[in-house]
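Protein chains in written order, with my numbering: chain D, 1 to 113; chain F, 114 to 224.
FYI, nobody ran anything at the bench for these hints, they're computed from the structure.
Quick caveat, the model's predicted, so the values are computed rather than measured.
Ideal Cβ placement from N, Cα and C applies to all residues, glycine included.
Some hints could be false.
The list that follows gives simulated cross-link-like pairs (lysine to aspartate or glutamate, EDC-like), each with its CA atoms no further than 20 Å apart [said to hold, decoys possible]:
{"hint": "1", "chain 1": "F", "residue 1": "K170", "chain 2": "F", "residue 2": "E115"}
{"hint": "2", "chain 1": "D", "residue 1": "K57", "chain 2": "F", "residue 2": "E115"}
{"hint": "3", "chain 1": "F", "residue 1": "K150", "chain 2": "D", "residue 2": "E101"}
Short derived list, chain D residues pointing at chain F, Cβ under 8 Å [what the hints assert, rightly or not]:
{"hint": "4", "residue": "S33"}
{"hint": "5", "residue": "G42"}
{"hint": "6", "residue": "E52"}
{"hint": "7", "residue": "G58"}
{"hint": "8", "residue": "T80"}
{"hint": "9", "residue": "E82"}
{"hint": "10", "residue": "G84"}
{"hint": "11", "residue": "L90"}
{"hint": "12", "residue": "V97"}
{"hint": "13", "residue": "A102"}
{"hint": "14", "residue": "F103"}
{"hint": "15", "residue": "F104"}
{"hint": "16", "residue": "Q106"}
{"hint": "17", "residue": "G107"}
{"hint": "18", "residue": "L110"}
Residues per chain, in single letters:
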Amino acid sequence: KAGVTQTPRYLIKTRGQQVTLSCSPISGHRSVSWYQQTPGQGLQFLFEYFSETQRNKGNFPGRFSGRQFSNSRSEMNVSTLELGDSALYLCASSPEVHNTEAFFGQGTRLTVV
Amino acid sequence: GENVEQHPSTLSVQEGDSAVIKCTYSDSASNYFPWYKQELGKGPQLIIDIRSNVGEKKDQRIAVTLNKTAKHFSLHITETQPEDSAVYFCAASNYGQNFVFGPGTRLSVLP
Chain D
1 KAGVTQTPRY LIKTRGQQVT LSCSPISGHR SVSWYQQTPG QGLQFLFEYF SETQRNKGNF
61 PGRFSGRQFS NSRSEMNVST LELGDSALYL CASSPEVHNT EAFFGQGTRL TVV
Chain F
114 GENVEQHPST LSVQEGDSAV IKCTYSDSAS NYFPWYKQEL GKGPQLIIDI RSNVGEKKDQ
174 RIAVTLNKTA KHFSLHITET QPEDSAVYFC AASNYGQNFV FGPGTRLSVL P
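Make a model of the complete structure from these sequences and hints.
Listed below in structure tokens is the structure:
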């Protein structure tokens, strides 16, 4: 069974640009959650999607958004990038809503210069 | 909201010794407690989890204990091996809610 696939693995963007990250969950999983990981703040919850609906949202500015498609694949978008957005963005896949087993992808390392 | 503390932040043990990492949580409604291992350059890997209706769970060299009254849970690794070296994260959540992670413990197993 294939794991969680995140693309791209690495990204370098300039301040002010926008970026889209992609996550393909484990086959059959319907929930996708996104987390930001930084050395200073650790793992912080961004949002969760289940059946194409955002169920939960963390405490991040509106520049961070996401969506989920009918095949459960998810994308997250960050607009007007800031230096502080540099982080590892992780996607977690769960069979049902969050609070069941969650399996993470390898992440997308975003560097904003 | 939920707050999870984790100790110690770094831990060094000799190969073959045991390692214990402790977490405390603040929300008594939390009922699911997973542990993740993250190696350099990789995403977190689920290694064991426990629900609030269980006091202890074991999987080979790894065990987790939960004390609901005291609101703390611990990860126990026995007979440590160099490949156990990684950063370990605990987390807590209530049904349908996101995970709140601890800050992590960097475990080094010295040969």
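We went through each hint and held it up to the structure:
no., hint, verdict
1, F/K170 to F/E115, "23 Å, violated"
2, D/K57 to F/E115, "15 Å, holds"
3, F/K150 to D/E101, "14 Å, holds"
4, S33, "6 Å, holds"
5, G42, "5 Å, holds"
6, E52, "17 Å, violated"
7, G58, "7 Å, holds"
8, T80, "25 Å, violated"
9, E82, "23 Å, violated"
10, G84, "19 Å, violated"
11, L90, "6 Å, holds"
12, V97, "5 Å, holds"
13, A102, "7 Å, holds"
14, F103, "6 Å, holds"
15, F104, "4 Å, holds"
16, Q106, "5 Å, holds"
17, G107, "5 Å, holds"
18, L110, "14 Å, violated"
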